[in-house]
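K.L.:
Dock chain B against chain A, hints included.
2 protein chains.
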Amino acid sequence: MHVLMTGAAGMIGRKLAARLAADGALNGHAIDKLTLIDVVTPQPPESFSGKVAASAADIADAGAARAAVAERPGVIFHLAGVVSGEAELDFEKGMRVNLDGSRALFEAVRQIGDGYRPRLVFTSSIAVFGAPFPQSIGDEFHLTPLTSYGSQKAAVELLLADYTRRGFLDGVGIRLPSVVVRPGKPNKAASGFFSNIIREPLKGESAVLPVDDDVRHHHASPRAAVGFLLHAATLDLTKLGARRALSMPGVSVTVAEQIEALRRAAGDKAVALIRREPDETIRRIVAGWPRQFEAKRAEALGFKAEQSFDDIIRAHVEDEHV
Amino acid sequence: MHVLMTGAAGMIGRKLAARLAADGALNGHAIDKLTLIDVVTPQPPESFSGKVAASAADIADAGAARAAVAERPGVIFHLAGVVSGEAELDFEKGMRVNLDGSRALFEAVRQIGDGYRPRLVFTSSIAVFGAPFPQSIGDEFHLTPLTSYGSQKAAVELLLADYTRRGFLDGVGIRLPSVVVRPGKPNKAASGFFSNIIREPLKGESAVLPVDDDVRHHHASPRAAVGFLLHAATLDLTKLGARRALSMPGVSVTVAEQIEALRRAAGDKAVALIRREPDETIRRIVAGWPRQFEAKRAEALGFKAEQSFDDIIRAHVEDEHV
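Top line first, the protein sequences correspond to chains A and B.
Per the numbering used here, the first sequence starts with residue 1, numbered consecutively.
Per the numbering used here, the second sequence starts with residue 323, numbered consecutively.
Here chain A stands alone, though its shape is the one from the complex (with noise of 0.2 angstroms):
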């Protein structure tokens, strides 16, 4: 089985590599080839034995996109996007890679025609939701994104369920919950400090919380996150009818039980390194996302995620402070 990821030199694309290479198949296929692109070059993910094309490559470019599906991938996994505050303040950019650049990839595997009709895995994102919701967003709450990268992703959804209800590709869109705890540095982005109140903490470092501990949001690990794109890469989709975008499961926590579950794993010490520095900007945009979801019709599909944010922590461990 061939294997195509675009978007794959990102943290869940590597990850989503690594674990490919490790088991070395899909749905009990043998993965006999994996093509990673991105816009830099993807790093090849160690001890796999098929053969790795890694290439930098824009998809939003015809040429490109065409040239990524030329060899028919029976599996592809597009995970290739601006992220949201760079689709916010770059209009264009995240209009042409987060829109053009899935409708290129899109186009190019219909216009190979001839029966190809690969399982193609999409990130989406619960950015496809703002506010006012419910408390809770049930699977058939309306798409009312407040960004940009929001509006991109929704957008794609309703192009991925027309190309596979025209049988063009078969397509799943699965809209992530905030990916925590995210490895490496802190970063600018709004959603950084979710992860950043628990990962630096945990190194002995100190951390900084601009919101209140009342804020509620929806997590799930990279690990799940990784878990969900090979769940949908090997589901039998036809339960799902013509409605191709899922909303997956989470674990819906206040800060305040983020915090407790960093104080069973790490001790008081480590919630002492947490700073409160509240941010204006950072809190009305907080204010804005969604706070819990009830995924049942990915939970009735079999995707799974944490039970816990202890288990999203214990997660973090095992799989980074090797």
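Think of the hints as simulated: they come from the structure by calculation, not from any bench.
Errors might be hidden in some of the hints.
Stated by the list, open to error - Partial list, derived from the structure: chain B residues whose beta carbon lies under 8 angstroms from chain A:
(1) G452
(2) E462
(3) F463
(4) L468
(5) R597
Because the structure is a prediction, the values reported are computed rather than measured.
The beta-carbon is built from N, C-alpha and C at its ideal position, and this holds for glycine as well.
P.N.:
Frame of chain A, contents of chain B only:
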């Protein structure tokens, strides 16, 4: 005031242009210029004292879109589109006209910048919804199109909301019900019979009914549709917030109720002209269509449809049987 209309040669476009010409003003401002474009040169409305520029143009062409907005019309009615059946038969044409055409228009407005922020009224459709849905579709039901046309309209709704949120234009999307009674000849659109079974018997001609009498659907007259567009062009939209697409009110009736209204209007002799010829294809298509809406937001904003199917027949007789 300068008003631009795309799709001005269509049935609704011609009626809207005639109404604008007759009124001579919009929201208390005299209309000094009407720019009418379509793929064929639209007929200028009669008895209009202002200037009319009518031309054939393809707004999916960036240059044509730029030319259309170069004089900075204050209000844009964006009616242009490939209809449902055609967008389903010709995927590329539907994408080009319905999605790329709308985006080219929005982009042309954005690229003027410089504080230019016209009111843009976009005709969306209840085709953004597809079965299964609740008996009555509320304002927070998700977008579930089952046609390429509906998918394209839904994607444009998302772009319209984002262009508006970012201040590039002042947009509102109007989800039109089935517009009934359509004037003119019977056509092959799957929805044609809703009009045919009224219009033809009123003229003493026979009409074919391809579905069961208990089929329920959501209707508004062409006159009501024009009223929606005018109201959308003049309304204070700040109350809408970021959610810029609105399902319009209408009359939800079964075919049997339509027929009883016809009987009240024109007697048993007219009703006897309806021939039942079940058509499995049309039955199946219509089974996926919305039946009823609770258009609470639109009603609260003052959008008004007919109160009964008798009113819809009366509007047809008054407007078309002169």
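K.L.:
For each hint, tell me whether it holds in the structure or not.
P.N.:
Evaluation of the provided hints:
no. : hint : result
1   : G452 : 7 angstroms, holds
2   : E462 : 5 angstroms, holds
3   : F463 : 6 angstroms, holds
4   : L468 : 6 angstroms, holds
5   : R597 : 33 angstroms, violated
Hint 5 alone, counting from the list given before, is not met by this structure.
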